[in-house]
Each structure stands twice: as C-alpha cells, then as structure tokens.
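Undergrad: Here is how the chains run, residue by residue.
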Amino acid sequence: MSDVALQALLADLDRRLDGAAEAAFVRARLQEARAWLSDGAFEHNRAAETLLHDKIAALTELQGERARADALARELKAARAAIRDRDAQLQIVRSSLLWNASRPGRAVMRLIRGEASLRGTVLLGTRLVYRALPLSDRVRRRIRERILHGLRLYRAYRSRGKVQAAPPPVPAPRERQPLAFPLPGMIAALPEIAGTRPETLDLTVSVVIPTYNAGAEFYWLLRKLRAQRGLGSVEIVVVDSGSSDGTVEQARKAGCRVVQIDKSQFSHSYARNLGAQHASGDLLLFTVQDAYPIGDYWLHTLARCLRNPDAQTQLAAVSCAEFPRTDSELLYNALIDTHYRFLGCRDRDRVGAFTGESNEALRSQGQLSDVACMIERSTFERYFYHGRYAEDLTLGVRLIRDGQRIGMLSSVKVIHSHNRPKGYYVRRIFVDVAFLTDVFPDFQVPDSVSIIGTFAAAYTLQDHLRRFRWPAGGSAGQRLDSLIGSLDRVAPPALVPDLVGQGDFGHPPLGEWISNLARDASREGTPLTAAELRDAERMRSMLIDRLSHLRDYVTAVDPALDARVSDEIEQAVEKTLSMTLGAQLAFIHLNTEAGLVTEHRAAIAHLKPMLLAGI
Amino acid sequence: MRILFVVHQFMPEFAAGTERVTLNLAQSAQRDGHHADVLTCSMRDEVPWEEAGEWRCARVDGVQVFGLRGAGVTPLQQLGLETDVGRRHVVERFLKGREPYDVVHFTHPMRMLEVVEAVRDRGLPYVLTLTDFYLMCWQNNLVRLSGELCSGPAGGAACVRHCSTLRLNDRMLLERWERMGQILADADAIVACSPYVAQSFQAEYPDLPIRIIPHGINLLDFAPARPSAGDAIVFGYVGTLSAMKGVDVLVEAFAKTDLPQARLKLVGPTFDDDLARTLEQFASADERISIHPAIPAAEVPAMLATFDILCLPSRVPETFSLAVHEAFAANLPCIVSDLGHPAQVIREHGCGMVAPSGDVTAWAEALHAAARGEHVLAEWQAQIPLPFRVEEEGFLYSQIYTGLVRSPETARRQHHVEALTHA
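Chains A and B supply the protein sequences, listed in that same order. 960 is the number of the first residue of the first sequence in the working numbering; add one for each residue after it. 20 is the number of the first residue of the second sequence in the working numbering; add one for each residue after it.
It is possible that some hints are incorrect.
What the hints assert, rightly or not - With the C-beta cut set under 8 Å, the calculated list includes, among others, these residues of chain B facing chain A:
1. F220
2. R366
3. V373
4. S426
Claimed, not checked - Across the chosen pairs, the derived CB separations fall in these ranges:
5. B:P228 - A:T1514: 49 to 55 Å
6. A:R1360 - B:E118: 43 to 49 Å
7. A:P1137 - B:P119: 21 to 27 Å
8. A:D1269 - B:P228: 21 to 27 Å
9. B:E393 - A:R1188: 49 to 55 Å
10. A:A1175 - B:E367: 26 to 32 Å
11. A:G1205 - B:H434: 43 to 49 Å
12. B:E367 - A:E1316: 28 to 34 Å
13. A:G1460 - B:E393: 56 to 62 Å
14. B:S165 - A:A1032: 30 to 36 Å
Said to hold, decoys possible - Chain A side only, calculated, beta carbon under 8 Å to chain B, not exhaustive:
15. A1186
16. R1188
17. L1190
18. R1266
19. I1374
20. Y1512
21. D1517
The hints are simulated quantities; they were obtained by calculation from the structure and are not laboratory data. Where is the CB? At the ideal position from N, CA and C, for every residue including glycine.
Generate the whole structure from the sequences, applying the supplied hints.
TA: What follows is the structure, encoded as structure tokens:
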C-alpha cells in the first residue's frame, strides 16, 4: 500500500470518527500496519493489509452498532422497571389467604377444562399434601433421596438393552520417542545428528590425497579437512603427479606435505603407498581430490569406528558410502544405488567378514572405497595397496581373508559423485570386467567372440535409440519402459551393415579403430554368421538388462518429467549403450587372450591399451 | 523412501530463501534415490499451473509440486489463528489418493496447518524445520507491534499484552499459542536452522529436543577465494530493500562516510514506495551509491564477487540469512546488525563487525573501520567460517528420515490407524 493511500485512509477514518478517542487508536494501528508493510514478505503483508481493512470496516460498523445498542439499552431499562412493578403486584396476590385457600379448587377446574393432565394434578396434589404434613427437615431430605433413587432405577430399567453409541475414532496418541543414534542397523553416527558432544581423540590422522590438476574445488576440500574437530591433529599428505593448475601451490599454502611424482610413475596403488610412507599419523585416511567430508566430525567419527574400545566388533579398516553432489548425473546415481544394494550398505552399515571364496562373497564383503578409506597405519604397512586398478577392493579382500572385519558405512558418508561423458563408460566398464577376471578366477565370462556382430548390433541399437519417439505423457519410468519394450522388437541385422564412420560411442579412438577393422574385413552386405548373430543378440539383451535396472531406479525416484529430467534420461540411455559395448568388448578381449577368438586377433590386441589409457 | 515436503509457498510462484532450501532438500533426496514431492499453497492464479481437480500441479526442476488453492484462505488462517475444515478434507483426499508417504517434512507450516492436522491423524511421522518464529509469533519475527523485540510468547501472555488487535483478541491469541505448541509437541523431529532459533524456542519450550542443521550453500557455484579490496572498497547488500531490513540506515550511514573511493551497491526488489524514493534521493545525490534490481538466485555468486563486504543492517532478528552464508562462500566478511544469528556468527568467528541496529552513527563508524586498510579485510577474511554445503544438509536430514521410518513408534501409530480404518 502506498503512503498516499495510507494517508487517504487515515483522513477518511478521522472524518468518520470525528476526532473521537478511537481515531488515535486506529492511527496507532495504521502505523503498526505500515511497519508490517515494510516487511518484504509479500504474502504476509497482504494478510496484514487485509486484516487492517477488516479492522477499519469493523470499527465503522461498530459506530453504528453503538448508537443502536444505546437505544436498545434505554428500551431494556424501561421494560425491566415495568416487570419489577408487575412482580410486586403478583407477590401481593399470591400471598393472600383467598388465593391459597382456592388453589385445590383451581386445580380441579383446570383438570375439568382439560387445561392440566391427571399426572400433573396428582403431582401437584401430592406436593401440597407433602408440604402440609408436619415432617422434620431430616425426614423430608430422606424422602427426597429415596424418590431420586427410585427415579434413577426407573430410568435404568427403561433404557435396558439399548447399545451405547461408539465414541468417535481418535487418532493414535503420539508419544515422543527421541531418535536414538546410531540408528538400528548402523554402527556410527555423526555427532551433528546424534546431538552428542564427542570427546577429543588424542591421535593424529594423516589424510593421503593423490592429485592431478585438482581444480578450484580442491580449495574447499583442504579447508574442510583443516576444519575437522575432535582429533589431536590432522596431517594432509598430497601426492601430485604433475599438476599444472596450481594444485601444488595451493596444497603448500594450506600447510600440506607435498610429494611430487612424474605423471608416468602414477598408479592408484603407487601414489597412495608413497603418500602413506610420507605420513606420520596413527591412522591413515585415503581420499580423492574431488571428495568432501560431511560435517566437522567426519574424521573423528571414522576414527572412532577403529578406536572404539566398547565396540562389539573391532574393524581393521572402514570406508563410507558416497552422497551425490548437486551436479551428479542420473546414471551415476542409479549405478551407485545398485552397487550399494549389492554391498549391503544402501541404508545399513555393512561389517564385512570372510564368508567364502566366490567372487560375489568376496566383492560384497571385502569392498572398501578409496573415496574415503581409514585404516591403522601399522595395519596398512603390513598390506599396502596392490595392482593398477581396484586397489581398494583387493586390500579389503586380503584383510577379510586374513580374518579381519571391515566396515562400509551408510551412517557416515562423503560427498562425491561424477558426471561423466559416455566415452568414459565404454572404458570404465572394460577395465572393471578385465579386472574382475584377473582377481576372481570364478568370474564367468560369456563366450562373446565377434567384433563384427557386436558392432553391427551396437550401431543398430544406436540408430534405434536415435529414431525412437519417446511417448508424450507418462512418468519417467514409463518412458523407459516404453523404450525397453521397443528394444524387444529390434531384430538383429541379417547383413553386416556399414561399420565405417558410424560413431565412436564417445571415445574417438574407438570409432577410428572399428572403421579400420571394417575396412580391412570388407564384410559390408554379407550375411552375419551364427556366432555374429549370437553376439548381436547378446548386445541387445545386455542393453535391455541394464536399462531395466535404470528403469527400476527411475521408477522408485519418480522425478517430475520436465525438460532437464527428459534430457538426463536420454543421456543415461546413451551412456548405458556405451557401457554395454564396453562390457562386450572386454568379454571378446578376454576370450581372445584365452584363445577362443580366431578373427581380428591383431586388432583386438590394440583394444586394451586404447581403452585403459587414462583410467 | 517417499518424502513429502510441505511449505507455505513455492516455485513457480515464489522463490525466496525457504523455497530454495526446500527445493535443495527435495533434489538431494532424489539424488539419494528417494521419491520427493512438494505440497504448497498456491496463491496466484496468473501463474501457469496444471489444474488437477482440487489442487494444482507444476514441475520445478525435476520435482513434482502440488498446490492447494489458497484463494479462500483467510488472513486469520494465514497467520495461524484458525483452520478450515473444508481445506482439511481436501488435504485428506490428497493424501489418500496418492501412494503413501513415509515421512512428511514441514519446512514452513504457514497456511498449511490443515496439512499438519491431517498428517498427524494419519499417524505419519513428521519433521519440522524452524526457519523463523512463526510457530511462536503470529508476526513471524518476535517483534512486538510497538517495534520492541519480544523475548517469547510466555505461554501466550506476551502476545495478549503486546500484540492483540481489534480482530486478534485474547482468546484467539491464546488458542494460537496452544495450537502451535501442540504441533511442536507432536513433531517427531524438530530442526532449527541456527543455534539462535533453537535457543529462542527452547526459552519458551525448555523440554523441546531441537537439532541444529544449518541451511546449505551450493559451494560449487562459488569461486573459492578472492583477494582483499584495493583502494575502492565495495560495500554491498543483497535482498529485499525494506525498512525492516534496515536499508535506510545503511544508505544514510554510508552517505555520512568520508570515503571518496568507496562504493555502496544495493541489490534487490522493493515494495515500499517511500523507501524507494528515499533510496533514489540518496543515490542521485551521491554517485558512490548504486541501486540494482532483483537478480535470480543463480546470479548471486557473480554479484557477490563484485563486493568486498556484505552489509546486513536488519532491524529484526535474522534467523539464518542465506545472504550472509553465501557471502562467506564468496570469502566476504560481513557487517551485520546486533540482532539474531548473523551477529552471533560474526562475534564467534571475528569475520566482520557487529553494529547496533538502527544506529546510523554506529553504522557509519563501522563502515569507516572496514575501510581502514587492506589488512582489516584480510584479517576478517582469515576468520570466515566454512559454510555448510547443500549436500551436507541433505545427508543429515536423510538420517532423520531413516530414523523415523525405522522407529517402533511410527510402526505403532501406523498399526493404530490401520486398525481404525478396518474398524
């Protein structure tokens, strides 16, 4: 409301109230209202403004009502005086001898004229007789009590057999039961949520971070680590493999111990082992340059999992699950969800122990994560990291094979996730599959052998995805369901399609590689062999399986299907195709090494170095 | 897990602080693999909603939003002085018609008290986030009608004594206090956005268990660090330009300073014509002062990057102030008034100055003190606390939701409701 409008309102009010005392009151209220109106909370002000108008209307109405009320009060006063006069006259009549002597006669006359009931007359007569009898007050009181008792008995008799109406349903009473942390199924809780004041642990934690061009965000990680509380001290050891973006300078400025290695020396195990050798802490915490702890007692809480004398289970190492960043992609969220369900840490803390030598048992029980992995330094120095890839999983497997227990927590998490291009997924899944067979001899590799069949199917499926017309309505899950249904109807090509320059699935060297292979093979237009058809069919069924997992995740989350979500789903589908291709290429590579593949062996030998570079 | 967020207003109609916090939480829950909807009150007919019978629907950045029509909501309902049975039935039909929610999270219950009642009667666990003083004060900010600060409702007696009006009589105010007290008492988890809010509520309700989870900032939007100011120090303000926020005090204080190289940038909307005229007069008389229109939330980091110090001269106690915490993310020290949470933070960390609310002379002195030299800013910058991240806030709430879903009390209540339904 503008000031002009307020002034007009005020003047109008003054005129109506003619300078009465109420004007001052309302003016004061107007000032209050102006104070409210200066509040930026638009709707709140609107409510206050409406109230103000209500107040003014009510006040105006009150003036009219007051005049009417005054007139009515005068009429009421006169009426009450008249009633008092008549009551006095009636009292004189009722106290006269003649009036009382003639009462029985009047009663009989009313009965005869039908103006009174027999019951009423009898009651009146009884009452007169009762009053006339010379009884003491005590006896009269006893008689009254007996009569009332009799009436109660009579009423109870009359109401026999009637069902009492059910009371209205009431909501369940709410009993406050404060949340107790750790929650059921958990072994830890951050003090920020548990509401506890943790005692400082008198020990040093060394945080080991391999870096390479860590970027602007690295600043936040270093600050967060420096802000950790509840520990004797925190040491940060940065192992940098040739950054050129100021990572080293930033780390030194933040007081980190910096170890520099050549880029060619880098491997996940080597960099971490080197960092551990330069660390002086009682406990080691391995993390990555794009992770970020949750809360100020994150290190403390992980340390307590290892150094808790009251714990029923002593842990040799503990990792925590990831909580996705605000820029995390849909596919990564879905994959990590599936992975954590497999590990048993989706919404529980998993304490892993050796349960058997199958790859499923070892993977689900032995998984640690280098995004955040804490271990006693003395323990680590007996094991160290091994291998070029999945060094965290192999460390966990070795620990549980030795009878140790290790934790994978969901009660404590670390902020970390990815938004990767589709080319990354071809390579990542190739590495994962190749690694699994290296470490777990019982890992079953499908008998895929055909590059031609695989790429014929991959391009056919890619073409289908590009041409697919997404349904206009429905939920995100229904859209994916529709796509999966359409894939069921995609037939493998009868003839080898043109495989030159048809696409690289996000990894340009791969496009070049398959183009060269196709040129050399000169198979375009020839029928696919039985093995090629089988591998083409495998590509399709693997894609459908992976998309079905994605659909299940999306159906549970059920996001509102707007432009952003639609775009994310389409990208996730493309990346899923890249993953499927990466897996199939890994199978063919492994079968080639096993001597099961006879065609294109020389070309296939180049696959592994091409896809592993930079992973 | 299926989570329903309930808030008094939301996008696409409004996009202020509480709305951004609610959206952040809903999206965090989605990324964490949960289903999240928002239920709000739709006050504007001109905004493009999809009409869906008794309520409206909208999609906001991947989150499904349902709007209860607010056209019939009376001022008394808005201020929490009465509820509407008809609206309550609409809420019940909404809850009944959808796949059951596991947890309901009220990020602001204004205009949504019927939802609280319906949720309570269905035995659903609910979380209350205290973002302001609405549940204790019909004015929201614990400031009396006289303009004095209020120490709390004192069982409603203070409301009767200091904040009754012609329409808001004693009985209504006392009933409001009781109704809100019951909402607090029945909540399964209560979270305050700052220690200041928690302390204020616990002064009135000493037994109330309140956790503190600060609102998160999306750190990824901010440049990590910036150098201290040169000769021309830039004081900035971002938010609604209103007398309640003390913008008039700031501009008057700045006009009094003898800092020829300094600048004052005021950024935000104004709904107060008088104040707008006053600010324009100051700006036209002093070229060091500039006024900028409101900017979208996504542009705030870039705007903050042009400041050297953020000023928050509020006349009312701020319960949190996203602007101050975003300033911390931009490595900006702050000068704030001596009311509320920002003053507590600045005093605790020494990352700026605290000046008396409404005191022009004191504010002018504070601005002078900040401009004494680069070393002052550098010292303050070194003390700036690390803001909480959106993801941290989301994770801590996820632990509360998980705890409530696993609580035996929730199972007992659900069993009771089912038994009643079958009976």
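Undergrad: Work down the list of hints and note, for each, if the structure agrees.
TA: Status of the hints after comparison with the structure:
For the restraint placing F220 (chain B) at the interface with chain A, the shortest Cβ-Cβ distance is roughly 15 Å, beyond the 8 Å limit, so the hint is violated. A cut of 8 Å between beta carbons decides the hint on R366 (chain B): the least distance to chain A is about 19 Å, and the hint is violated. For V373 (chain B), the interface hint is violated, since its Cβ never comes within 8 Å of a Cβ in chain A; the closest pair sits about 22 Å apart. A distance limit of 8 Å between C-beta atoms decides the matter here; for S426 (chain B) the minimum to chain A is near 6 Å, and the interface restraint holds.
One distance hint, 49 to 55 Å for the beta-carbon pair P228 (chain B) and T1514 (chain A), is violated here, with the actual separation near 36 Å. Between R1360 (chain A) and E118 (chain B) the beta carbons are some 44 Å apart, a value that agrees with the proposed interval 43 to 49 Å. Between P1137 (chain A) and P119 (chain B) the CB atoms are about 24 Å apart, so this pair conforms to the stated range of 21 to 27 Å. The hinted range of 21 to 27 Å is satisfied by D1269 (chain A) and P228 (chain B), whose Cβ atoms lie roughly 24 Å apart.
Take E393 (chain B) and R1188 (chain A): their Cβ atoms lie about 31 Å apart, and the range 49 to 55 Å is violated. The supplied range of 26 to 32 Å is met by A1175 (chain A) and E367 (chain B), whose beta-carbon atoms lie about 27 Å from each other. In this structure the supplied range 43 to 49 Å is violated for G1205 (chain A) paired with H434 (chain B), their Cβ-Cβ distance being about 60 Å. Between E367 (chain B) and E1316 (chain A) the C-beta distance comes to about 55 Å, which lies outside the given range of 28 to 34 Å.
Range check, G1460 (chain A) to E393 (chain B): Cβ separation about 59 Å, and the 56 to 62 Å hint holds. Remark: the range hint 30 to 36 Å for S165 (chain B) to A1032 (chain A) is upheld by a beta-carbon distance near 35 Å. Contact between A1186 (chain A) and chain B, as hinted, is supported at the beta carbon level, the nearest pair being about 5 Å apart and thus within 8 Å. Annotation: interface hint on R1188 (chain A) violated; nearest CB of chain B at approximately 12 Å, more than 8 Å.
Given hint, L1190 (chain A) at the interface with chain B, is violated; its Cβ is 17 Å from that chain's nearest Cβ, farther than 8 Å. For R1266 (chain A), the interface hint is violated, the least distance from its beta-carbon to any beta-carbon of chain B being 22 Å, above 8 Å. At its closest, the beta carbon of I1374 (chain A) sits 5 Å from a beta carbon of chain B; the interface hint therefore holds under the 8 Å criterion. At a threshold of 8 Å, the smallest CB-CB gap from Y1512 (chain A) to chain B is about 7 Å, leaving the interface hint in force.
For D1517 (chain A), the interface hint holds, since its Cβ comes within 8 Å of a Cβ in chain B; the closest pair sits about 5 Å apart.
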